[in-house]
Amino acid sequence: MILTEFGTDLMRYRDLLRVLVERDFRARYRASILGWAWSVMNPLLTTVVLAFVFSTIFKQVPPVGANTGNDVYLFFLLSCITPWTFFAAALNSGMTSIVGASNLVGKINFPRYIVVIAAVSAVAVSLAIELGLIIIATTIVGFTPIAQLPSIIGIAILWMLFAWGLALLFASLYVRYRDVQYIVTIMISLWFYLTPVLYPPSLIPERYAHLPLRRLLSFNPAAWFLRSFRSALYDGASPPAYLWLIMVLAAGASLLIGLRVFGRRSPYFAEDL
Amino acid sequence: MTTHSMSRRKLGSGSWTLDTPGAIVVEGVHKGFRPSTSRQHTLKEVILSPRRQTPRRPVLTDISFRVEPGECVGLIGINGAGKSTLLKLLAGTLIPDKGRIGVGGRLSALLELGAGFHPDFTGRENIILNGVILGITRREILGRSDEIIEFAGLGDYIDEPVKTYSSGMYARLAFAVAVSVQPQVLLVDEILAVGDAQFVQRSNQRMRDLIQSGCSVVLASHSMASVTDMCTRVIWVNGGHLAGIGPAAEVIAQYSEWSQHRS
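In order, the protein sequence lines correspond to chains D and U. Just so we're aligned: the first sequence equals residues 1010 to 1282 in my numbering. Just so we're aligned: the second sequence equals residues 4 to 266 in my numbering.
If you are wondering where the hints come from, they were derived from the structure by calculation, not from laboratory data. Don't be surprised by glycine CBs; every beta carbon is placed ideally from N, CA and C. Hints should not be assumed to be uniformly reliable.
Which chain U residues face chain D? A few, computed with CB under 10 Å, are given here [said to hold, decoys possible]:
| hint | residue |
| --- | --- |
| 1 | Lys91 |
| 2 | Ile98 |
| 3 | Ile131 |
| 4 | Gly138 |
| 5 | Ile139 |
| 6 | Thr140 |
| 7 | Ile144 |
| 8 | Gly146 |
| 9 | Phe154 |
Required output: the full structure, derived from the provided sequences and hints.
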């Protein structure tokens, strides 16, 4: 019910969404010479540095990709760090978007969540470009994840919907309580280490199996999304059906909660800003 | 007076959509704000003093009136009387604490200077942004942008970022966009006062055209001359109460008399 209403609004205001996404994307890089190229190069270069540190200095060897035989540490990292960088940036950008757009919010009554959705989607444009580059690079090197393109697109869309929901939740709290920003920043970096991104999940020793850590990981939706990304991008295998199901449920639940809270708070935004 | 059926609920509770385009119905509306000193803006404060409800300072008390399609209503009162709050309630950016508000058809509002503009973007880009926020398609607003640019009369400045604009230029652009979407309800708060004589004259003419076509206009102003010039009826708000409502000349006379006594 709340989701179908949301869908109709998105269709009705798709032009506003488009203009806001363009605005966000261009505003972010307007004053820099290389423009949007930074949005792509920045995370890629960061990952190259990480890959160098882990593979050359710490002598980490990645597990060999199941169907692809991919054993390049850079690709192993990219397959998870790229989606994660998107997630962290999207939550941050979405959370502050309503406050940043206070001159729009005070102007007229339109569905406020378009602003949050647009902020997250603008970051998703960068994700799409980065994923495209990774697919091209791995294909050229000979690890052929191109066959996984439909899966990758599907996972990326579900991942974006998951981010939409959380961003809506944080955005509605942030308007009232500015502390939320600091809490979310810490939460994201903690979440990063609780999600097998830098290390394969198998790296957690078996003897810690009784500790809540492993159980925590299995309740961590981000871990399921990242496993799916790694499976498609690195192993060249579409995630199994149960992973798809979990991702759909996680995205749906996140959106429902986000829209609920946002819907309850948004009539007071103009007052609280 | 005709009745307008209120239908489907809009975003916030208390705001309704009317079936008659151009009609405005306000019924027993109350609005108050928490005093800003007691606003709990950090979690720390919420945790340390949970549920300590500070009383809201009333800004509007029991306001009721109607506006018919094709009517221009003036909104007068001293600074802080509640005019802007009332307009924001009509625009739907604030929701009433009590009572209900219904507005019919497409609404366009000129409330604060610079509202709806992105300072880093050019006038041309802001026209598109404003158009799609007001609910028309990108293609439509692109089709009308030449006309809007001509009406705003900003010359080459249209391709400069709006942060370089003067208040008069802001007002010109904002008005040009607001009227270009063919609104059925137009709310104007003071904004035209910063324009020059030629622009004020042109914008008044444009508002008259809109009113002719059935658009209702609510015009908040301190200029009794322009209210007399434009409006048939006037609402006088004083201290959050409806102090007077009726034919323009009568209410303005009451208001002027009251102002003189006050000083």
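Evaluation of the provided hints:
The interface hint given for Lys91 of chain U holds, since its Cβ lies 7 Å from the closest Cβ of chain D, which is under the 10 Å cut-off. Given hint, Ile98 of chain U at the interface with chain D, holds; its Cβ is 5 Å from that chain's nearest Cβ, closer than 10 Å. A distance limit of 10 Å between C-beta atoms decides the matter here; for Ile131 of chain U the minimum to chain D is near 6 Å, and the interface restraint holds. Because the beta carbon of Gly138 of chain U sits about 7 Å from the nearest beta carbon in chain D, less than 10 Å, this interface hint is met.
The closest approach between the C-beta of Ile139 of chain U and any C-beta of chain D is roughly 8 Å, which is under the 10 Å cut-off, so the hint is satisfied. Restraint check, Thr140 of chain U versus chain D: the minimum CB separation of about 5 Å is within 10 Å; hint holds. Hint status for Ile144 of chain U relative to chain D: holds, with the closest Cβ pair at about 8 Å, below 10 Å. Hint on Gly146 of chain U is violated. Least Cβ distance to chain D is approximately 13 Å, over the 10 Å limit.
Because the beta carbon of Phe154 of chain U sits about 20 Å from the nearest beta carbon in chain D, more than 10 Å, this interface hint is broken.
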